[in-house]
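In the order they appear, the protein sequences are chains G and P.
The end of the first sequence is residue 281 by the numbering used here, with every number in the run present.
The end of the second sequence is residue 352 by the numbering used here, with every number in the run present.
For the record, the hints were derived by calculation from the structure and aren't laboratory data.
Be careful, since some hints might not be right.
[To be verified] Now the in silico label distances, taken between C-beta atoms and shown as ranges: (1) L85(G) x A336(P): 24 to 30 Å; (2) E98(G) x I258(P): 31 to 37 Å; (3) E98(G) x I292(P): 36 to 42 Å; (4) I196(G) x S168(P): 37 to 43 Å; (5) S162(G) x K42(P): 48 to 54 Å.
[What the hints assert, rightly or not] Calculated cross-link-like contacts (lysine-lysine; reagent style BS3-like; alpha-carbon spacing at most 27 Å): (6) K164(P) x K70(G); (7) K234(P) x K137(G); (8) K36(G) x K249(G).
Note that the Cβ used here is the ideal one computed from N, Cα and C, for glycine as well.
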Amino acid sequence: MENIVEIKSLNLCVKEGKEEKVIFSDINAAACSSQFIALIGANGKGKSTLLKTISGILPNCGGGEILFRNKAIESYGRKERSSLLAFVGANNPRAKNLTVRGVLSINRYYKTNWLGSIKQEDEKRISEALEMVSLAGFEERDSSVLSDGEYQRVTIAGAIAQDTEAIILDEPTAFLDIANRFLITRLLRDIAHKSNKCIIFSTHDLQTAIQMCDKIWVMAGDGFYDDTPEKLMEQDIFNKIFDGQRIVFNRTTRSFEAVNETI
Amino acid sequence: MKKKRKYFVIPIMILVAFFICDNIFGGVYIPVKKIFFSLFSGNAGGICETEQNFIRDIIYNFRLPKAITALLAGTGLSLCGLQMQTLFRNPLADPYILGVSASAGLGVALFIMGGSALGINLGSAAFQTFGIAGAAMAGSILLLLLILAVSEKLKDNLSLLIFGIMVSSIASALINLLQYASNESALKMYVVWTLGSFTGLKSSQLLILAVLSVAGIILSVYNIKDLNAIMLGEQYADAAGINTKRVKIRIIVATTLLAGGITAFCGPIGFIGIAVPHIARMIYKDADHKVLIPASAILGGGMTLIADTLSQLPGSGNIIPINTMAALLGIPVIFAIIIKNRA
């Protein structure tokens, strides 16, 4: 397995007006090809910011390094970056009458001519990507009338069609029912393992993450952890996610429980 | 897409028909046969030389320039409206949402009413029309420079939208002040400009308008890929490797030049720019700008041509302002399409 993404002592920062504020310091992590990695953390810890910074959408302003194939992410040009890494944001808006092919062709644009014409090669990638998310033959469908679960799969297919080494997804399973959440997580795992892609996604669904992921990145109260689910459980790291909020991690059920308060 | 290309054949034929209609009908009734003979055959069938010259004069110096102006204005404004609606992901956006008509209006108001307030005689009619167009164009270009200067500093498209609305409000307030201070004839001249008109363009003016419009139309066609790319929002485009800042600037430059140029020579023409893109979307049921750009251009040109023809049909006596005609004509079309699409 090759190292795809490497993060070295990164200080995650956000811009508030002109001021830059570090919201999470000293992040060290690595992701390899065909690894399926979940990013876990409480609301407001900076999961989205971290994923966007890794993707190069937000600037790395707090110091530290983000390496993509041993080269700093900033050193890649825009087009080169899109050929290495795809990002799927949360809550993607929809456009009326836009076909599924239309959505996926946006992901192919960095390869197309000035008019954005879809060639046979692009067409092939698009139908392959749709097949991988079990939406084969959906090319001509109006993307705006699909269900939330189907549309989420379309955006994932877009990332696949972009033909990159890594895919980063911001909460791909939020707003979905439990069946769809399971379906999409399993789908992402299969894509990672079968097509050797490195997939990193943020989620609040720890139970599924423990079950399916090769590694979990944890943004805990006392620091950043990057390890396999088993080791993280052994070291009792998950209990540090909601430190001091009367919630404990139960290792047998692999889920969080409220602390019983005796009156 | 390939299937849809053939659907443009009939609209283009209708567009050509409307263009011819606009040349045939007008304030003075001339039979079609006479027009044909005067224009295309040297020895006319029973029409005397003077009458032929008279007809040629009407067609070449009045109706043809008017029809070309209407065609360019309709095409250009529809393309502007479409691009603004896509950029702001807002169905209510129109060509003037960034403040083009208000700033062009302020330029015109300063020229007409500012001049009269200072007691300057505007002189000949030719100087007036050129001056009005120049002042409107200057207003639009200043606005464009202002937007380009601030767009780097604005957080997102919503801020840009608010900025445009604020510019419009400030310009309107200044225009009101000028109106209050100016004399009656200047005020009337300004109000007439705001009603919008395709008539009275000299060939030199028409040439400037044509150059600006064609340049704007070419830029709009060049924007097709960018427009498709930002349909799902800036974040999606950003992630797919599209430089959204450059996209925004391209769209703003194309629309401001196009809308500014048209407003300069025709006045603020409302309704067409906001309605035609919707009609195009409803007819073609496609979000791809490879379809929507040509569709809006053709439908927009056709809409202004038919509106212009109807606004001065013989026998109606007075000429109905083009803005009024466009709204009267377009609204039923939109309602019809909405009701038809409901089923």
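Comparing the hints with the structure gives:
1. For L85(G) and A336(P), the hinted distance range of 24 to 30 Å is not satisfied, since their beta carbons lie about 59 Å from each other.
2. The hint said 31 to 37 Å for the Cβ distance between E98(G) and I258(P), and at roughly 22 Å that hint is violated.
3. A hinted range of 36 to 42 Å holds for the C-beta pair E98(G) and I292(P), which are about 40 Å apart.
4. Checked against the hint of 37 to 43 Å, the C-beta distance between I196(G) and S168(P) comes to roughly 39 Å, which is consistent with it.
5. Hint check: S162(G) to K42(P), Cβ distance near 52 Å, so the stated range 48 to 54 Å holds.
6. Among the hinted pairs, K164(P) with K70(G) is consistent with the structure: their alpha-carbon atoms are about 17 Å apart, no more than 27 Å.
7. A distance of roughly 14 Å separates the Cα atoms of K234(P) and K137(G); the hinted pair therefore holds under the 27 Å criterion.
8. Under the criterion of a C-alpha separation no larger than 27 Å, the hint pairing K36(G) with K249(G) is inconsistent with the structure, at around 41 Å.
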